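In case it helps, our numbering puts the sequence shown at residues 174 to 1088.
Hints in this document: simulated from the structure, not taken from any laboratory.
Just so it is clear, the structure is predicted and the values come from calculations on it, not from any experiment.
The beta-carbon is built from N, C-alpha and C at its ideal position, and this holds for glycine as well.
Warning: the hint list may mix true and false statements.
Unchecked claim - Here are the in silico distance ranges between beta carbons for each label pair:
1. ARG576 - VAL789: 51 to 59 Å
2. LEU1061 - SER625: 22 to 30 Å
3. GLU790 - GLU1081: 14 to 22 Å
4. ASN751 - LEU1061: 21 to 29 Å
5. ASP509 - ALA539: 19 to 27 Å
6. ASN762 - ASN396: 53 to 61 Å
Said to hold, decoys possible - Here are the simulated DSS-like pairs of lysine-lysine, each with C-alpha atoms no more than 30 Å apart in a straight line:
7. LYS855 - LYS744
8. LYS1008 - LYS364
9. LYS470 - LYS506
10. LYS387 - LYS333
11. LYS1082 - LYS506
12. LYS368 - LYS506
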Amino acid sequence: MSVLARGAKRKWADVEAVEDRCYPSASHLRHIPQSHNRQLVTSNSERGPAIEGTERFSNAPIPDDSHLLSESLSESASGFASPTPVDSGTGPSRRFDPNASVVLIGLRGTGKSSLAVILSTATGRRLVDADQFFQQVTGLSRSAYKKRHTIAQYRREEAKVMSLMLTDNREGCVIACGPGSMERSGQQLLKEYAKTHPVIHVIRDPDSIQAYLKAWDRDRVCNFMELSGPLYRACSNLEFFNVSETGFELSQSRDDIQNALLKEEQTQRNANQTPFLTLKRVERDFLHFVAFATGNKRELTKLHSSFPLSLLPIESRRYTYAVSVSLSSLLDKGLDVEELESTADAFELRVDVPDAPSTNLGLSPATADRISQAVATVRRSIIVPIIYHVDESPSSAEESPSRRSDQSYLNLVEHGLRLAPEFLTVDLSYSDAILSKIIAANGSTRIIGHYSSVRSDSASWDDEEYMSRYERAARLGCDMVRMSRPASTIEDNFAVQRFRDRVNASHKSGPPIIAYNTGSLGRLSCCFNPILTPVTHDSIRSTCQTEKDASITVREAQVALFSSFALDPLKFCVFGANVAYSLSPAMHNAAYRACGMPHQYSLYEAPSLRDLNALVEDPNFGGASVSLPYKTEVIPLLHSMSSHARAIGAVNTLIPIRTTVVHGDGKEPDLHLYTNRAGPIKALHGDNTDWIGIYRCIRRGLSPANAVRPSSTGLVIGAGGMARAAIYAMIHLGVQNIFLYNRTLENAKRLAEHYNRQYCVSDTRRKETESQTKTTVHVIKSLHDPWPANYKQPTMVVSCIPAHSIGGVPAPNFEMPLHWLESPTGGVVVDLAYKPLNTPLVKQIRSLSHRGWVALDGLDVLPEQGFAQFELMTGRRAPRKLMRAVVLREYRGEEGQYDPRWMQSRLEKLGGQDG
């Protein structure tokens, strides 16, 4: 793939007149060695740099790398070559060494410096700033150097410094390049570097760039983006569109950012609402993108650990669905992406842009930006994998879609690979040469070989043509194969089932097969296709569906499976001594109805653990949420436990095992293969999702400035079962020093010993020495004790004590000692109580929101752990937004503790993907 790099007119005086204000001063980064002129590094004791001002404003967006756009335009334009094709720099593969340095390039105002800091802080990579590196090597800033030397001398020096920076920092770094790095020599260096390293082109919409920098007008920004886009894409192998968050406008100066943030926090605090953090979604989005694009399985496992189904290969599960949405519908109709994705297992984006004239110069910048923005918008709002599919070229309403030219198809698919989707389809109607080129450059993206016939009189499923196409896709190296054809009779639905059976019988080690019929008569086959059946959604069906496209929703597919006895209705419950107040039945039952599952979830108050026998003897028992006091008592009755439940020493989720194959070697059974089926129960499996609820809430409330570092500390209040889960959640976050306070000191000591004896290894990256990091649980004896010396103040606190009176014992009315709340960047406090909801601790922390503290309550935790329980018990994706809403609507606090207006405010700002 080639692109055109075109010269742009500009005056050198424009550059010389610009003040040296392009990057934050050295004071914005700590621990920069003044004597070392070859490497810009952060402190060895801290993962990532400290950012000026974050001590007071933990929620503030990290300033971008510039205050002006004009130098960006002038600098980049100076390096433009004459109008000749340049190689795309994609290279034969996107597979990198796990420790390979990551390079970020892009225009000023795209947020690449903020992203570099986020990545450095979260992963422990050293931050290397190209402009700072130039100044350290030469002793002069770029503008000062250009004033003292000729342009030719500057060009030579820039090439030397760029080569030195890339050579000296090949591993363990994140390198933020400014426009000065895009001189002609820099382009060649980056293209060579991209053969072995991830080089990410960061882009953003022109309105955000113009609004952030307040320089030039929008038309000039758009014009330069169009000119510079091919240049940046030619020097990179990956692309990240930095979607701007709504409701918070980025300002030009640091003071403006801080003032705007304070105003936003004050507004939210006055509304009694948790101030969700502006950069949290950006942080989650970018970290996931980099982890997947670079093949960092360890980091991906950590990011997915709170979603049980995300840890399973999608082809290993039964009856999975991909909601299919066209690019044009997504951009033109203002669709709710999160609602579209709800209960689906993947999101298929069908790229239906018009076919461009055949050319070897690549996509037009406008088309490439449009696709990148659409993929990024989807990724920001979902947790399921993205399938990138290039449709046939759209034609007029009277004509059928036409096959794209080879070059046009290749351009669109290669651009898709730059965006690192989890799946990408390749059209099997194209030649082996084209498909092999795509598959060779897939990186971490899995390839789905795709063939769809549009003619009902084409070869039937019983002909050898379809088997030959499957075998060709397998030979080319496809990870899955997807085929469809129109159904002309009901018999076609039985034929496709025979075809799937033949493939599975004769190619047991081959790629999984997705096969179904299209059209109204073909919907039956879609219900019984086991893997990634394409589905629609009610919000787009009325406007997008035609007879040819006739498809089903996830709910309709599930209703069909239960109605045909392929799946069975089951009974679930919350099991405990006092569960009358539980909100779980309302939450789960609403989710069952939304998913089309006829399950029932009820309350089961049990004065004795022996009552569990009645549940287990019911062949329709599907599982139970275990409440107090049985979370530890139930353990002797189990045949297997998850690693999480074993480490915590408590169980809150029971799942029946209906297979005779029960692993006795510590390996967890494949429970997802037996969900939604009734029958005799052979054994019981125990799990724990309490830690997931706490883990998700801590992640949700931690600002990027408080990303977990080796020196980060956490505090847990209490020593009961939930305190066990809270400590385990912090261990998974990578916290190495956790402090525990409990009114009864002996209980605290026993709990600390439980974890210290396990030698728990945190779920973080290995250090450069490859040694594992050990978590230590410390006990604090008194609330009056000063915070332990030599340890930083806590940035995450979890309160696991009740906030109401029990057995005549007055409510504790617990508040944090102020001398334990002196973290300069604030932090997050999670209070597990929701009876009452607005506890003294929650009130205290919300009064400190101006210092960066965030409070989350029991109604935040309950649905988070419920999502995981729903997935474990049903094998289906949880409708997260719906379940959150039900919890808030059904909650009724005690007199004086419930404010309907406050609850309505939470409902209005509800999302399924917060944090």
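To see whether the hints hold, each was checked on the structure:
1. Between ARG576 and VAL789 the Cβ separation comes to about 58 Å, which falls inside the hinted range of 51 to 59 Å.
2. A hinted range of 22 to 30 Å for the beta carbons of LEU1061 and SER625 is inconsistent with their spacing of about 43 Å.
3. Take GLU790 and GLU1081: their Cβ atoms lie about 46 Å apart, and the range 14 to 22 Å is violated.
4. Look at ASN751 against LEU1061: about 23 Å separates their beta carbons, and that is inside 21 to 29 Å.
5. For ASP509 and ALA539, the Cβ-Cβ distance of about 25 Å falls inside the hinted range of 19 to 27 Å, so the restraint holds.
6. With their beta carbons about 56 Å apart, ASN762 and ASN396 fall inside the hinted range of 53 to 61 Å.
7. Between LYS855 and LYS744, the direct Cα distance comes to roughly 17 Å. Compliance with the 30 Å bound is thereby established for this hinted pair.
8. With a C-alpha separation of about 59 Å, the suggested pair LYS1008 and LYS364 falls outside the 30 Å cut-off, and the hint is violated.
9. Taking the CA atoms of LYS470 and LYS506, the gap is near 36 Å; set against the 30 Å cutoff, the hint is violated.
10. Proximity of LYS387 to LYS333 is assessed by CA-CA distance (about 33 Å); at most 30 Å being required, the pair is judged violated.
11. Annotation: proposed proximity of LYS1082 to LYS506 holds, straight-line Cα distance about 21 Å (limit 30 Å).
12. Of the supplied pair hints, the one linking LYS368 and LYS506 is violated, its CA atoms being roughly 39 Å apart against a limit of 30 Å.
The earlier numbered hints that this structure contradicts are 2, 3, 8, 9, 10 and 12.
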